[in-house]
Amino acid sequence: NAGVTQTPKFQVLKTGQSMTLQCAQDMNHNSMYWYRQDPGMGLRLIYYSASEGTTDKGEVPNGYNVSRLNKREFSLRLESAAPSQTSVYFCASFYRDYSNQPQHFGDGTRLSIL
Amino acid sequence: KQEVTQIPAALSVPEGENLVLNCSFTDSAIYNLQWFRQDPGKGLTSLLLIQSSQREQTSGRLNASLDKSSGRSTLYIAASQPGDSATYLCAVSSEGEYGNKLVFGAGTILRVKS
Numbered sequence: 001n002a003g004v005t006q007t008p009k010f011q012v013l014k015t016g017q018s019m020t021l022q023c024a025q026d027m028n029h030n031s032m033y034w035y036r037q038d039p040g041m042g043l044r045l046i047y048y049s050a051s052e053g054t055t056d057k058g059e060v061p062n063g064y065n066v067s068r069l070n071k072r073e074f075s076l077r078l079e080s081a082a083p084s085q086t087s088v089y090f091c092a093s094f095y096r097d098y099s100n101q102p103q104h105f106g107d108g109t110r111l112s113i114l
Numbered sequence: 001k002q003e004v005t006q007i008p009a010a011l012s013v014p015e016g017e018n019l020v021l022n023c024s025f026t027d028s029a030i031y032n033l034q035w036f037r038q039d040p041g042k043g044l045t046s047l048l049l050i051q052s053s054q055r056e057q058t059s060g061r062l063n064a065s066l067d068k069s070s071g072r073s074t075l076y077i078a079a080s081q082p083g084d085s086a087t088y089l090c091a092v093s094s095e096g097e098y099g100n101k102l103v104f105g106a107g108t109i110l111r112v113k114s
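Taken in sequence, the protein lines are chains A and B.
Each step along the first sequence adds one to the number in the working numbering, with nothing skipped, and position 32 is 32.
Each step along the second sequence adds one to the number in the working numbering, with nothing skipped, and position 86 is 86.
It is worth saying that the hints were derived from the structure and are not from the lab.
Yeah, the Cβ is synthetic: ideal placement off N, Cα and C, and Gly gets one too.
Hints are supplied without guarantee of correctness; some may be wrong.
[Stated by the list, open to error] Some chain B residues well away from chain A (every beta-carbon gap over 10 Å; in silico):
| no. | residue |
| --- | --- |
| 1 | T45 |
| 2 | Q51 |
| 3 | G71 |
[Said to hold, decoys possible] If you only want the chain B side, here are some residues facing chain A, beta carbon under 10 Å, derived:
| no. | residue |
| --- | --- |
| 4 | S28 |
| 5 | Q38 |
| 6 | K42 |
| 7 | G43 |
| 8 | L48 |
| 9 | R61 |
| 10 | L62 |
| 11 | N63 |
| 12 | C90 |
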């Protein structure tokens, strides 16, 4: 019963490098989300995908791109990493919008950019 | 813009004490409110979800209340235990720019001393 799986768990990058964070869910959920969590702040929404084939910007999308590869997988890409993107990134999935069901979260990717 | 505030930021109590965590939000037009638990280095686990039409939800030693008109929610933990030590996050789902996506508070760090 894996739930939401994120890879990698930890990553250190140099400024300007690119990388893709992977997320997969096995609960047949329609909606998937990417958040970032910074010290002293709540989680902030980066991008979301309400259903397979759709993606939309959240509160803090600058510097990121996403791909909803299929119903199970939703990836987050940093094209040119900046120190301000040092954070913990969480992926979440949700049965569907307006269903009054809780979101399910992965364990996070801890990303440091030097 | 919806903003969520949690008070206190940190709380340390002796084992066995009953305690209350507070959450306030600025826009009362919410769809639901959720309380999450986050253990160090882990993702978020949903504890309770209160729909906008409900006043409270209970699960074991946890009770969450919602006063939508005043923009407040409380999480009551009875007979606290060391295993309750974690960060507790409040999040609201509201109609708005991002549909019913979650807006999080910064959390309350709880330590229960044995």
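Do the hints match the structure? See the list:
no.	hint	result
1	T45	violated (8 Å)
2	Q51	violated (5 Å)
3	G71	holds (16 Å)
4	S28	violated (18 Å)
5	Q38	holds (9 Å)
6	K42	holds (5 Å)
7	G43	holds (4 Å)
8	L48	holds (9 Å)
9	R61	violated (19 Å)
10	L62	violated (14 Å)
11	N63	violated (17 Å)
12	C90	holds (9 Å)
Checked against the numbered hints above, the structure breaks hints 1, 2, 4, 9, 10 and 11 and satisfies the rest.
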